[in-house]
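K.L.:
Heads up, the final residue of the sequence shown is numbered 549 in the working numbering, and it's a clean run with no missing numbers.
In short, the hints are calculated from the structure, not lab data.
Virtual Cβ for every residue (Gly too), placed ideally from N, Cα, C.
Possibly wrong hints are sitting among the right ones.
Unchecked claim - Restricting the straight-line Cα-Cα distance to at most 27 angstroms, the calculated cross-link-like pairs of lysine-lysine (DSS-like) are:
(1) K295 - K454
(2) K364 - K454
(3) K523 - K540
(4) K314 - K253
(5) K427 - K369
(6) K369 - K537
(7) K319 - K523
Said to hold, decoys possible - Ranges between beta-carbon positions, derived for each pair:
(8) Y250 - G429: 43 to 53 angstroms
(9) E380 - G429: 33 to 43 angstroms
(10) D390 - I316: 50 to 60 angstroms
(11) K497 - N304: 32 to 42 angstroms
(12) E287 - E520: 23 to 33 angstroms
(13) K319 - W532: 38 to 48 angstroms
(14) I545 - P417: 19 to 29 angstroms
(15) N279 - D318: 14 to 24 angstroms
(16) R285 - P417: 52 to 62 angstroms
(17) I545 - Y250: 23 to 33 angstroms
(18) S503 - G424: 23 to 33 angstroms
(19) E296 - K515: 29 to 39 angstroms
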Amino acid sequence: MIAFFSEGGYTGKVSRDNPNMRTDQAWVCALDATHYPVNQLPQDRFEVGIVIIPKEKNREFLANQDYPLIKNIKAICDKVLIMQESTHWDWQDESFNSMVWYYNQLIEADAILCHNDIDIPYFKGITNKPAFHFPTLMIEDTIQTADQEDKVFVAGNWHTTYRGFDAWIIGQEFDLPMVGFKSGKFKQGEEQNGINYLPWMEWSQFMYELSKCKYGIQCYQASAGQFPLNCAYLGIPCIGYDDINTQRDLFPSLSVKRGDIVSARRLVNQLQTDKNWYKENVKIAKFNYNQWYKEEKFLKQWKTIKSHL
241 MIAFFSEGGY TGKVSRDNPN MRTDQAWVCA LDATHYPVNQ LPQDRFEVGI
291 VIIPKEKNRE FLANQDYPLI KNIKAICDKV LIMQESTHWD WQDESFNSMV
341 WYYNQLIEAD AILCHNDIDI PYFKGITNKP AFHFPTLMIE DTIQTADQED
391 KVFVAGNWHT TYRGFDAWII GQEFDLPMVG FKSGKFKQGE EQNGINYLPW
441 MEWSQFMYEL SKCKYGIQCY QASAGQFPLN CAYLGIPCIG YDDINTQRDL
491 FPSLSVKRGD IVSARRLVNQ LQTDKNWYKE NVKIAKFNYN QWYKEEKFLK
541 QWKTIKSHL
């Protein structure tokens with residue numbers, strides 16, 4: 241039995257027809273876990289508890305209360321694992337009090353689950369705890385697609401975490417209509433950059449809109465990397481930075497070193513001028529998705545993690 245804890249405001253299972261199946265809910269669904277808000281712990285006992293610790297204001301609130309989050313969850317779970325949220329250094333942008341509280345939660349956990357290979361030695365190094373790659377996941381049941389159009393989806397807003405400015409520079413090289421979406425980090429005036437920003441929508445609707453695009457770009461800091469995963473499933477070549485596992489694994493020929501915009505712009509031109517190479521990248525991405533990121537592959541990795549606890 242698995243319990244999953246996050247700042248999500250719902251209690252219970254996640255059904256496979258959930259139209260808003262973002263990464264965290266996909267994990268809950270695939271593991272057949274029961275979800276609880278971090279401040280509403282159940283009476284039942286569980287074999288494993290997986291915790292996504294809230295960030296920013298919600299983390300600050302828990303820190304100011306000196307709330308013993310992991311200690312409380314350990315009272316009802318035999319093993320407690322903390323799932324990394326955002327980049328492995330994001331929490332260091334917060335107050336000293338919040339940083340100390342978060343670090344203490346890491347220390348009290350039995351293991352850390354990480355987004356990318358580059359995160360594992362960091363969390364191992366600061367905690368002396370086991371750390372494992374916990375792959376980003378899609379539940380495919382609700383996905384519907386549209387006809388593809390000659391336009392590019394530019395992922396990420398102009399914020400240091402999302403590196404949307406980098407993606408915008410690369411996107412202009414296509415000389416095509418650019419589409420994007422807003423996040424909580426969206427800056428006032430950002431809509432003036434020529435990108436058509438979609439309104440907030442559920443994940444299944446986002447996938448439908450993304451499927452209309454012929455190209456994708458992401459320059460996020462290394463975190464969950466769901467966007468390259470979405471693109472690979474849909475057969476959309478995605479150019480991006482190679483420190484994100486999903487980008488590097490699914491689009492090896494379209495991945496560049498962080499900050500290498502010169503090489504990224506060259507890839508844009510190659511994708512547009514060499515139609516066979518475009519098709520080859522589509523083929524490779526779909527093959528790699530099935531090879532490494534299908535749901536059954538995720539569950540196999542989870543069994544490996546459990547065997548080491």
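K.L.:
Would you mind marking each hint as holding or not holding in the structure?
P.N.:
Evaluated hints:
Proposed proximity of K295 and K454 is contradicted: the alpha carbons are some 34 angstroms apart, above 27 angstroms. For the hint pairing K364 with K454, the CA-to-CA distance comes to about 39 angstroms; that exceeds 27 angstroms, so the pair is violated. Among the hinted pairs, K523 with K540 is consistent with the structure: their alpha-carbon atoms are about 24 angstroms apart, no more than 27 angstroms. As the CA atoms of K314 and K253 are separated by approximately 21 angstroms, the hinted pair is consistent with the 27 angstroms bound.
Among the hinted pairs, K427 with K369 is inconsistent with the structure: their alpha-carbon atoms are about 37 angstroms apart, more than 27 angstroms. In summary, the hint linking K369 to K537 is supported, as the alpha carbons are separated by about 24 angstroms, within the 27 angstroms threshold. A C-alpha spacing of about 40 angstroms is found between K319 and K523, which places the hinted pair above 27 angstroms, so the restraint is violated. Restraint check, Y250 to G429: a C-beta distance of roughly 35 angstroms breaks the suggested window 43 to 53 angstroms.
At roughly 37 angstroms, the beta carbons of E380 and G429 sit within the given window of 33 to 43 angstroms. Look at D390 against I316: about 53 angstroms separates their beta carbons, and that is inside 50 to 60 angstroms. Between K497 and N304, the C-beta spacing of about 40 angstroms keeps the proposed range 32 to 42 angstroms intact. The hinted window of 23 to 33 angstroms between E287 and E520 is violated, with their beta carbons roughly 44 angstroms apart.
For K319 and W532, the hinted distance range of 38 to 48 angstroms is not satisfied, since their beta carbons lie about 26 angstroms from each other. For the pair I545 and P417, the beta carbons lie near 42 angstroms from each other, so the given range of 19 to 29 angstroms is not met. With their beta carbons about 22 angstroms apart, N279 and D318 fall inside the hinted range of 14 to 24 angstroms. Distance hint for R285 and P417: a CB-CB separation of about 54 angstroms, consistent with the stated range 52 to 62 angstroms.
Here the CB-CB span from I545 to Y250 is close to 25 angstroms, well matched to the stated 23 to 33 angstroms. For S503 and G424, the hinted distance range of 23 to 33 angstroms is satisfied, since their beta carbons lie about 30 angstroms from each other. The supplied range of 29 to 39 angstroms is broken by E296 and K515, whose beta-carbon atoms lie about 45 angstroms from each other.
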